[in-house]
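Engineer: Here's the letter readout for the chains.
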Amino acid sequence: MLAQLSNSNFLVIQTLNSLSLGGLLFLLAAGFSLIFGLMRIANLTHGSLFMLGAYIGVSLLEAGVPNLWLAALAGGVATAVLGGLFERLVLRSLAGNSQGQVLVTLGVSFIVADLCLMLWGGDPLPIQTPESVRSPLRVAGFTFPAYRLVVVALAIVVAIGLYVLIERTRLGAMIRAGVDDMPMARAVGIPVSRLFTIVFCLGAGLAGAGGIIGGPILSAYPGLDADMLPLALIVVILGGVGSLAGAFIGSFLIGFVYTFGSALVPDLAYVILFLPMILVIAFRPTGLFGRMGA
Amino acid sequence: MGIGRRQFIQATGVAGTSAALGFSAMSRAQSGPIRIGLMTVKTGPLASGGIDMERGLIMYLKARDYTLAGRKVELFVGDSGGVPATARTKLQELVEKNRIHLMIGPLDAGSALAVDDYIRSASLPTLSVAAAEDMTQRKPNPWFVRGTSTSSQCAHPMADYCAKTLKWKRMAVIADDIAYGHEMVAGFQRVFEDNGGRIVQKFLSPLAVPDYGSYIAQLKTNIDGIFLGFAGSNGFRYLRQFNEYGLRGKVQVVGGMTALDEAVLRNMGDEAIGILTACWYSAELANPPNRTFAADFRKEFKYDPGFYAAATHLEASVLETALQTVGGRIEDKAAFMKALRSVKAFTVRGPVSFDTYGNVVGDVFIRQVERKDGRLVNTVQYTYPAVSQFWTYAPQAFLANPVYSRDWPPARYLES
Chain A
478 MLAQLSNSNF LVIQTLNSLS LGGLLFLLAA GFSLIFGLMR IANLTHGSLF MLGAYIGVSL
538 LEAGVPNLWL AALAGGVATA VLGGLFERLV LRSLAGNSQG QVLVTLGVSF IVADLCLMLW
598 GGDPLPIQTP ESVRSPLRVA GFTFPAYRLV VVALAIVVAI GLYVLIERTR LGAMIRAGVD
658 DMPMARAVGI PVSRLFTIVF CLGAGLAGAG GIIGGPILSA YPGLDADMLP LALIVVILGG
718 VGSLAGAFIG SFLIGFVYTF GSALVPDLAY VILFLPMILV IAFRPTGLFG RMGA
Chain B
977 MGIGRRQFIQ ATGVAGTSAA LGFSAMSRAQ SGPIRIGLMT VKTGPLASGG IDMERGLIMY
1037 LKARDYTLAG RKVELFVGDS GGVPATARTK LQELVEKNRI HLMIGPLDAG SALAVDDYIR
1097 SASLPTLSVA AAEDMTQRKP NPWFVRGTST SSQCAHPMAD YCAKTLKWKR MAVIADDIAY
1157 GHEMVAGFQR VFEDNGGRIV QKFLSPLAVP DYGSYIAQLK TNIDGIFLGF AGSNGFRYLR
1217 QFNEYGLRGK VQVVGGMTAL DEAVLRNMGD EAIGILTACW YSAELANPPN RTFAADFRKE
1277 FKYDPGFYAA ATHLEASVLE TALQTVGGRI EDKAAFMKAL RSVKAFTVRG PVSFDTYGNV
1337 VGDVFIRQVE RKDGRLVNTV QYTYPAVSQF WTYAPQAFLA NPVYSRDWPP ARYLES
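One line per chain: the protein sequences are A and B, in this order.
Numbers given in this note's numbering equal positions in the first sequence, counted from 1, plus 477.
Numbers given in this note's numbering equal positions in the second sequence, counted from 1, plus 976.
Quick caveat, the hints were computed from the structure, so don't treat them as lab data.
A couple of the hints might just be wrong.
Unchecked claim - If you anchor each label on the Cβ, the simulated ranges turn out as follows:
| hint | chain 1 | residue 1 | chain 2 | residue 2 | range |
| --- | --- | --- | --- | --- | --- |
| 1 | A | 630 | B | 1114 | 49 to 57 Å |
| 2 | B | 1226 | A | 744 | 43 to 51 Å |
| 3 | A | 748 | B | 1093 | 30 to 38 Å |
| 4 | A | 755 | B | 1116 | 40 to 48 Å |
| 5 | A | 742 | B | 1309 | 35 to 43 Å |
| 6 | B | 1093 | A | 544 | 53 to 61 Å |
| 7 | B | 1346 | A | 543 | 48 to 56 Å |
Glycine included, every Cβ here is placed at the ideal spot set by N, Cα and C.
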């Protein structure tokens, strides 16, 4: 183990791996965190939206959409619309019954999984890496997939965009108010129910686009939803519910913990992944950056 | 598990009538159709293979107009979703409600182990696809026959080929961290090291690992090759990420029987070309039954049959041969099981027979991915004839060792 840690190649490559996994997790977890924070429910369809995005990406690219970025944009819009409809038509009718809402999201996640199986079949479907970043990057003796670096850059851009939205706009101020104290926000006239729909669309869109951006690394396959959902959950519990900074730091933290954990002590890969979450729940239930209990 | 009430009444009823009316009642009871239960997976992550299992079997039965050994056949399909507990419930339903005479399946080792007790208590002849070693080794089930392969039955010859033909000395192995993966790489390691090779790196990755980056980054490049012991879509993703890291051409890749199945191959690109895998089947096999089967399958479904489609087709040939031996009298379980275990049949994988533990002895093929008529196929490069689950080891000595696992045989040559 020590030999590996003193190997600079190992360190550099695994650090880059951690960053790229973290970037992908952020695209997934940011929306999950905002929805959780505002609506007080763990949206268990989030993994499904990620998988649905990946499948929609496959179909868009097959249908002739010229590149991955456009496909991600279009796929993100599509999942945002689906998410918005789901919130309006289903979750809304269960307003105030958060247990019921969580159960409904669980049910819908199973339905989405079977629909995907019907529509796209059970085989894993690849999403091609964009031509321009297909060949690995070779710098100073290190070889690293260029696309993964693009994912990191993209995650940072999205993080900045979300930061501006949440911290610098009127809409963001309303969302923050809703997360912090919903009854008070309602009392001062913030249209909380419309915020629900907006945030749900935003989260669903990010998850869907994330599925397509992650496609060249993960591909689209049945079970992708169940692989990703626990990771989003860990990130959000670690970082703090409803906190963008928490989701950002949490994503990269989990990226590092998971990558180095599975490389250094492979037998304990899952223990290492879930241990920080358990410690946080036990000793700091609001998460590292959260303002409310999970 | 006791027998259900209805089953009991039926059983005593039949016994009573046949005792009273003698032989004529027996033959009347046998004139009904033979009821086959297929336990497969049509939902969830394993559905791709499970649906192929159903298609392969239906194709066999259709070609014979649902008549085997002169008796009509009815098919009942149970979907376990790949969940062992569900497999148990569905099997009970197939036995008690549909009154099946035998089961083909299940697909996965977890489900096979979960229904093991029930198969014994219901005395249900079973033709399985699941690879769990000990079901035909240290804990053989008298009702269980497997025409496909144990986890390591195809890994042994692959290792032999790497050591003797390719003359490789140093290799890495990676597999899913489940019993199937453990057993497969353990078998590979044993034969490779018994032939002078060394396994210098061994990775067992969680079954649900979306990103293999951290495993690939650790792979040594001063090795002759890596063996992939994956199932389902994991081999597909591993290989794509492997290429992403620029390792194609630097490290050679070989694989087990499910690493580059036809089902995965049809969605892959040039990254798969040249890779060798060992399996008991290839859609490219030129024997007469397979030439018909593969062509018909391709015509109907627009893709090549793979491991799972061939598996049920093969089990159906074994079943038909056994039924012919007993003149269709599947109700005489003892005679039927005896016939089943002594089947010698020529199937889509070529000739098969069974050892005393109920496991198949049959050819294993070293196959190479090539592009042919615009699609990727597994071309047969070399054939290991009549491979047993014990490889070339004496069964008694083989069984005296612990079952293949994470820790056995110990990996002595790992380098950090």
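Engineer: Indicate, hint by hint, whether the structure satisfies it.
Structural biologist: To see whether the hints hold, each was checked on the structure:
| no. | hint | result |
| --- | --- | --- |
| 1 | A/630 to B/1114: 49 to 57 Å | holds (54 Å) |
| 2 | B/1226 to A/744: 43 to 51 Å | violated (28 Å) |
| 3 | A/748 to B/1093: 30 to 38 Å | holds (31 Å) |
| 4 | A/755 to B/1116: 40 to 48 Å | holds (42 Å) |
| 5 | A/742 to B/1309: 35 to 43 Å | violated (50 Å) |
| 6 | B/1093 to A/544: 53 to 61 Å | holds (55 Å) |
| 7 | B/1346 to A/543: 48 to 56 Å | violated (31 Å) |
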